[in-house]
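Trainee: Listed below, chain by chain, are the residues.
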Amino acid sequence: MNLEEYRTLFAVTTVGLMLTAAFPTLSLVVPFPRSAERFSELWVLGPNRMAEDYPFNVRLGEEYRVFVGVGNHMGSSSYYRVCVKFRNQSQPLPDASNSTPSPLPPLFEFRFLITDGGSREAPLTFEFLEVSHMEDSCLVRRISINDVVFSVDSPSRWDPENKGFYYQLFFELWLYDLTSRSFQFHDRFVGIWLNMTGQF
Amino acid sequence: MGALKPVTILLALLVFASTLFVFNTSALSENVAASAIEKAEGLMVSAYQAVLEAERAGANVSVLVARLNVAGEGLAQAHISYRLGDFDGAARSADLCSQIGEEVRVEAYGLRGLALEEAGQRFRWTMIGSILGVAIVVGASFLGWRIFKLRYYRRVLGMRPEVVSGES
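Chains A and B, in that order, give the protein sequences. Just so you know, we're using the working numbering here: the first sequence kicks off at 1 and counts up by one. Just so you know, we're using the working numbering here: the second sequence kicks off at 1001 and counts up by one.
Looking at chain A on its own, in the form it has when it is part of the complex (with noise of 0.2 Å):
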């Protein structure tokens, strides 16, 4: 190697260490894009907090319990409303590909603000008070969820392929925009699938 190599060789390695040392300064400034991405989980568990056990077969007066989760890695702090809705076999449920919530009404709700990274979930519990047993169909008029009753009056026809009166408690997630000042569907529900044929 000649003089002028040497030198460009020295040049490059203090121009490096430079960068090195000015480093932790230019972390403050210089806003380095995150490559991670976001996204929100919403999820149900059994009554022993585990994807397992979920209710299925339903009888009137008896109390059932779920859990329900919601885990944030959107960036920032997040505010979130999980609405509780009742459907059955024929109602809508929410429109994915059209990011479109079910238009049935919520019955319960909760709201949940999470830190970025962080899960919360939240117990529910809920009871039918009060269901119309006929032939081939069967008509759910009261439910209690966390205590609260709610009128719902839901009717199902008795399915012949599935063998039974299906219903579904389903959760739909809502994130709060704060550009628009209001909450949007967030594109994700899950549910669980109640059958009514248990003995009343």
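Calculated lysine to aspartate or glutamate pairs in the EDC-like style (CA-CA distance at most 20 Å, straight line): (1) 1039(B) - 1107(B); (2) 163(A) - 136(A); (3) 163(A) - 135(A); (4) 1039(B) - 177(A); (5) 1039(B) - 1103(B); (6) 1039(B) - 1102(B); (7) 1149(B) - 5(A); (8) 1149(B) - 4(A); (9) 1039(B) - 1086(B).
Hints in this document: simulated from the structure, not taken from any laboratory.
Position chain B against the provided structure of chain A, taking the given hints into account.
Mentor: Showing chain B alone in chain A's frame:
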């Protein structure tokens, strides 16, 4: 019989008036509940924004978030009660939410101020460290280059052509 007629009319009027009164009271409490919920929604969002700003400034907001969750529970309860027609319950829950929301908002702005001050100090010290680091690197590099150059010249000048005997 003649005396009974005015009494009957009076009673009917009283019943009508009381119905109106009950209806008005109900409408009034519905309006009170609706405005309490609206106020609580606004305060909850303001508190959330304040918490976000404090978080961006580098403050630890976990305690504030936990308290806002209590306020959120109250607000959810207020909405449920309102939908079920329990306007007094809705107004009570909304007022509780408003109270917590306002407290959290004030505390969040305080925390944000502290965090910004700490961040400013941290930035100053980091900058001083970086400037010192860069100065040391530049100085050491300059000095190193001078020494290296001197040695290099000495080595090059020390090289002399040698005549080896026995070669043509």
